[in-house]
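Asker: Sequence:
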Amino acid sequence: MKDAGYTHYTQKSYLSDVHEFLESLKGKSLSSVKKFHVVSFLSAVRERGVSDSTRNRKHASVNCFFKALIELELYADNPAAGIKKSKMDKNRAPVFLDEVDLSRFLQSVDGKHRLRNMAVFLLMSYMGLRVGEVHALNLADFNPERKLLSVYGKGRKWRSIPVPEAVKEVLQQAITDRLKPWRAKETAMFISQKGRRLSIRCIQQIAADTFDRFQHEVPQDRRAAYSSHKLRHSFATMLLRKGADLRTVQELLGHSSIQTTTIYTHITSREKEEAVGRLEIHIPSQK
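Per this note's numbering, the sequence shown runs over residues 790 to 1076.
One should not assume that every hint holds.
[As the list claims (entries may be wrong)] Simulated restraints, written as ranges between beta carbons of each label pair:
#1 G900 <-> L1035: 31 to 41 Å
#2 L858 <-> Q961: 42 to 52 Å
#3 E812 <-> S949: 33 to 43 Å
#4 S988 <-> S949: 47 to 57 Å
#5 A1014 <-> L968: 26 to 36 Å
[To be verified] Below are the DSSO-like pairs computed for lysine-lysine, each with C-alpha atoms no more than 27 Å apart in a straight line:
#6 K943 <-> K856
#7 K823 <-> K801
#8 K824 <-> K876
#9 K901 <-> K874
#10 K936 <-> K801
#11 K874 <-> K801
#12 K1031 <-> K801
#13 K817 <-> K856
#14 K876 <-> K856
#15 K943 <-> K801
#16 K969 <-> K901
No wet-lab data here; the hints were simulated from the structure.
Small disclaimer: the values here were computed from a predicted structure and weren't measured.
Beta carbons are placed, not taken as given, at the ideal position from N, Cα and C, and that holds for glycine.
Could you build the full structure based on these sequences and the hints that come with them?
Answerer: And the structure:
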């Protein structure tokens, strides 16, 4: 996978997906695997309520696995080939927090690693970083003098993001209070209690726990499906609401195509419709 140019995050995700697929076979030999087994695995994944994009990624992972076996002449046919992707709803507006709810969410951050976790969430909600990008950050990526953060994103592309003053202050405090790494060469910006780079799953779990506290007064069956990625959605939505140029938002988010960024315009367009809908229009009757 390294030769194919996949990022470290993608490699870990694909390997985790393949392991999950192999576990679903319950001891069956690979030589007996048919398309039916792959379809059954993907159906079970969907029944757990995962998104279309996650289901499609798991399919891509299994497909990549069998293609690699074929290239190594360890397998003849690819049972994952020819299975249709889940059709994603491109017009569905992403879930996000408005500025009031975002402030309440940040107030829900607590625990002995509060400062570190606060810095993580600020990078996602006020600078638009993906969870994998936060995970990959190194101390050297932050330039406090120039107030810039270098981010290694999807497609192995770097982007430079201005750091707001308030975020800079928290980030500097978090770095000052950073836990001692378990090895001298650990360069990660955010590390765990064991002194290792903070894992993606750990960041996601911290976010999930914080969202639970944020919604503690909301009945379980009425809680919104928030996740760490929704903080990034909130960043994009806030920028567009404040009149930011779509191309600028694309650059800040690290989208390779502006079409990906346009999903956030559905939110602001809806707000415009609602605003116009509040007008009371009085048309004089004909004389």
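Asker: Need the list of violated hint numbers for this structure, in ascending order.
Answerer: 4, 9, 10 and 12
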